[in-house]
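If you read the protein sequences in the order shown, they are chains A and B. The opening position of the first sequence corresponds to residue 1 in UniProt numbering, with each subsequent residue numbered one higher. The opening position of the second sequence corresponds to residue 1 in UniProt numbering, with each subsequent residue numbered one higher.
The hints are simulated quantities; they were obtained by calculation from the structure and are not laboratory data. The beta-carbon is built from N, C-alpha and C at its ideal position, and this holds for glycine as well. Hints may contain errors.
[Claimed, not checked] Computed Cβ-Cβ distance ranges for the label pairs, DEER-style: (1) D29/A <-> A51/B: 20 to 28 Å; (2) E92/B <-> R66/A: 24 to 32 Å; (3) A120/A <-> R117/B: 51 to 59 Å; (4) A87/B <-> D88/A: 23 to 31 Å.
[Stated by the list, open to error] Now the stretches of chain B that chain A is said to cover, found in silico as 3 or more residues with beta-carbon under 8 Å: (5) 48-57; (6) 93-101.
[What the hints assert, rightly or not] Restricting the straight-line Cα-Cα distance to at most 25 Å, the calculated cross-link-like pairs of lysine to aspartate or glutamate (DMTMM-like) are: (7) K31/A <-> D53/B; (8) K8/B <-> E111/B; (9) K31/A <-> E92/B; (10) K31/A <-> D20/B.
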Amino acid sequence: MSEESRQIPVTTDQDVVRVRQLVRTVAVDAKLSLVDQTKLVTAASELARNTLVYGGGGTVEVSRVRNEIRAGIRIVFADQGPGIADLDLALTDGYTTGGGLGLGLSGARRLVDDFTIDTAPGEGTTISITKWCR
Amino acid sequence: MERVPVLKIGDILLVSIQIDMEDQVALQLQEDLAEKIVATGCHGVIIDISALDIVDSFVGRTLATIASVSRVLDAETVVVGMRPAVAITLVELGLSLPGIRTALNVELGIEMLARSRAESAPDEDEDEDDPAAVPAP
Ligand SMILES: Nc1ncnc2c1ncn2[C@@H]1O[C@H](COP(=O)(O)OP(=O)(O)O)[C@@H](O)[C@H]1O
Ligand SMILES: [Mg+2]
Chain A
1 MSEESRQIPV
11 TTDQDVVRVR
21 QLVRTVAVDA
31 KLSLVDQTKL
41 VTAASELARN
51 TLVYGGGGTV
61 EVSRVRNEIR
71 AGIRIVFADQ
81 GPGIADLDLA
91 LTDGYTTGGG
101 LGLGLSGARR
111 LVDDFTIDTA
121 PGEGTTISIT
131 KWCR
Chain B
1 MERVPVLKIG
11 DILLVSIQID
21 MEDQVALQLQ
31 EDLAEKIVAT
41 GCHGVIIDIS
51 ALDIVDSFVG
61 RTLATIASVS
71 RVLDAETVVV
81 GMRPAVAITL
91 VELGLSLPGI
101 RTALNVELGI
111 EMLARSRAES
121 APDEDEDEDD
131 PAAVPAP
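All chains, please: the whole structure from these sequences, using the hints.
Below, the structure is given as structure tokens:
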């Protein structure tokens, strides 16, 4: 169940910085450990940049969530871009179509507790990540 | 757009990144540094990232590129001050920063530069051994 959430548009480099700052603030409020804050902000930075660069812009929504046992933070990155045709390939370390390091998707997945991705060619991409408080 | 200052201190260029850089700012820094290396003839560059609370793959790649470009321009780069949580996160992200020399703080970075300069300097031994350099993958 979602408690509070904030959504910000991602259409410029500056917005990616804003995403990092928002996620950091929420992670501190949620009392994530320093290492977990760092992991979550890093994952968010990677995925927000992808939303901007590959998705052609979109939105990022940051929410405090809670299940039966734990509290956490969920971040949803959504764009209406070209989508990802071969997801396994895109999630391979080092794979990039944009001259990057190809570690954004695969690395972000390693840095969080839950990672789900919903994408299809021509249908845009939505990625949801969650980090739970320990 | 903000700009990260490049300071010349003695024969070293010092860059202390104090802001959360937009990607364009990081790219600008890369250019500014290359120009400053050529303009000053400095052989050492220290990049202090102790104020950064994250390093993602873009900034990581920028640091690696700066190190490579500096090397081509006959300057050695040392990245100093990485926070422990940043190091842990970088490794899990999959970025081990090959080819980048690191030191714990500015002082140790300066020592490292002085040492490697002394080793490669005057009565040049022809052996190119550089024990601190990490081979590229
Ligand atoms: N939101 C997105 N929309 C479309 N394609 C994407 C999106 N995110 C990632 N991709 C694709 O997945 C590839 C891998 O992404 P990533 O791991 O972040 O590496 P990089 O950003 O370095 O290319 C990208 O090069 C791109 O082809
Ligand atoms: Mg990426």
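Right, here's what the structure says about each hint:
1. Checked against the given bound of 20 to 28 Å, the beta carbons of D29/A and A51/B, roughly 22 Å apart, stay inside it.
2. Between E92/B and R66/A the Cβ separation comes to about 25 Å, which falls inside the hinted range of 24 to 32 Å.
3. Between A120/A and R117/B the beta carbon distance is about 55 Å. The supplied range of 51 to 59 Å therefore holds.
4. Taking the beta carbon of each, A87/B and D88/A are about 29 Å apart, inside 23 to 31 Å as hinted.
5. As drawn, the region 48-57 of chain B meets chain A at 5 residues by the rule of a beta-carbon pair under 8 Å; at three or more, the given contact holds.
6. As drawn, the region 93-101 of chain B meets chain A at 3 residues by the rule of a beta-carbon pair under 8 Å; at three or more, the given contact holds.
7. Between K31/A and D53/B the CA atoms are separated by roughly 16 Å; this keeps the pair inside 25 Å, and the hint holds.
8. For a cut-off of 25 Å, the pair hint linking K8/B to E111/B stands: about 16 Å separates their Cα positions.
9. A distance of roughly 21 Å separates the Cα atoms of K31/A and E92/B; the hinted pair therefore holds under the 25 Å criterion.
10. Taking the CA atoms of K31/A and D20/B, the gap is about 22 Å. The hint holds against a cut of 25 Å.
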